[in-house]
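Here the protein sequences come in this chain order: A and B.
Residue numbers are given in the numbering used here: position 144 of the first sequence equals residue 144, and the series is strictly consecutive.
All you need for the numbering used here is the position in the second sequence, starting with 1, plus 234.
Hints are not guaranteed to be accurate.
List time: in silico EDC-like cross-link candidates among lysine to aspartate or glutamate, alpha-carbon distance up to 20 Å [unchecked claim]:
id	chain 1	residue 1	chain 2	residue 2
1	B	Lys-362	A	Glu-11
2	B	Lys-480	B	Glu-517
3	A	Lys-9	B	Asp-384
4	A	Lys-75	B	Asp-384
5	B	Lys-308	A	Glu-231
6	A	Lys-3	B	Glu-517
These are computed hints drawn from the structure, not numbers from a lab.
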Amino acid sequence: MGKILAIIKKELLVYFKSPIAYIVLIITISVFNTFFFTIIDQNKESTLRDIFLVMEFLFMFIIPLLTMKVFSEEKFSGTIEFLMTTPTSNTQIVLGKYIGSVLFFTAIIIFTFVYYLIIEIFGAPDRLEVFTGYLGIWLEGAFFIAVGVLTSSWTRNQIVSAITSYVILFLLYFSMIYVKYLGGISYDIVHYLNTSAHLKNFAQGSVSVSDIVYYLSGILLCLLLTRVSIENRI
Amino acid sequence: MINVQKINKYFGDFRALNDISFEIGKGEIVGFLGQNGAGKTTLMRILTSYYLATSGKVEIDGQDIVKHSLLCRKKIGYLPENPPLYMNLTVRDYLKYSASLKDVEIKKQKLQVDKVIDSCSLKDVQNKNISILSKGYKQRVGIAQSIINDPQVLILDEPTIGLDPLQILQVRQLIKRIEDKRTVIISTHILSEIEQIARRVLVIKNGEILIDRPISALLDEGHLLRFVFVIKGDKAAIEKVFSSSKEIIKESFESTNDVHSVKVQVLQDWTSHNELIQKIMREKAELVEIRKLKPSLEEVFINRVERE
């Protein structure tokens, strides 16, 4: 556990020492603010339901920028050789790096709690719906991060890592377009793999085991593949 | 301490290492020599378990490096060719991070970090970002991380590459300071460096071990002998004496007034030295000194590699 904590600490230290983290943070919060006030103004409802869906869409663009350097930079700079020759297991390395990114992402989410405070002060929101919505967006972000960490382990080029993440996330997000007119099992499979279908349930206050299993199994699969990827150095 | 048995390493169809076997004892300091692409770095990466060998076995302190990878890694300090540094971290933060990953007890981490900062002369820069340090300092930080957990085996891949002469001297002095009681493997292109640091040399060529001998034995087995003759007398006559012998290769001829210094090379089984001395005497020249020159490791290395 000590080594995982050391890696988490180092990841966060590197995040907060790099300008890209602050740029991402500022841009994200500014865009969220704009959408929050626009949506509230249009709907005149004390709910964050639509905000969560906007967050999901924006995180699809933002998270690959956060995760693109997780392993790519280590490969590019050669520090991966240091990391992999210390008495640290591959699982500890993957978990440390993953949790570090999730904590940074959680910090972004915490900044948006102010939206809840606003609707709590000026309205009477459904607190359970807000809670499940936050749980859903956090789980989805954690899943997107796992995808980003995986693609980052495939290449030493950060841009290639980000683009690969975008391709995977876009496929998961827009997959329903491709099977719109299909039926049967192929439709069911793609519908299950589609990310937004799961978040919609969370945003509406209904949480099912199937939705939680979707995110958790996605995270687990990506982290296992990342472990395999860093093990196969040649 | 290190036991390597019949290691082979393939990258696709390319055979980078071919049946490499050797043993290195506790406290031994061994230099890896070889041209670029000879396989030194690949071998070092296998010893540190960064690469897996295609076949063969490596044991560190009696433990198999594949079966007990984490245990073996605990015993090894490694400085890759390019020092693995996180540019955004300060020297102290980086060394603390290294200590955490290398199983240094939490209570002892601060003490250990202070110790390596001191031994690697990093006190002045300990709170500076690594990105702004000079190449020499970066190299020292790389060495500091490699010894943070007091490893029994220290593997240094080209520790002085790209440094200026002063920095090379500083790093060399640092290695001398830290080599105490450790098994050290050092790879470098600077042969004089190996001569000063190591006791034994392993020369690798095309993925195979060409030479595995103590440096002293290697220097004694030089193919050619070199002598300096200091002679007082007529320049033309002396030049004639040295030109007339087919067994002698004249390297240089330097004169100061009527004292001449002639540097020559002869084969190891050269026996006609008496004849040469008599010839010099016949020319009424005075033989002031004959000095045997010790071949440098560089000369022996080039000679052997060229011969093979």
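Against the structure, the hints:
no. : hint                      : result
1   : Lys-362(B) <-> Glu-11(A)  : holds, 18 Å
2   : Lys-480(B) <-> Glu-517(B) : holds, 18 Å
3   : Lys-9(A) <-> Asp-384(B)   : violated, 24 Å
4   : Lys-75(A) <-> Asp-384(B)  : violated, 26 Å
5   : Lys-308(B) <-> Glu-231(A) : holds, 18 Å
6   : Lys-3(A) <-> Glu-517(B)   : violated, 80 Å
Hints 3, 4 and 6, counting from the list given before, are not met by this structure.
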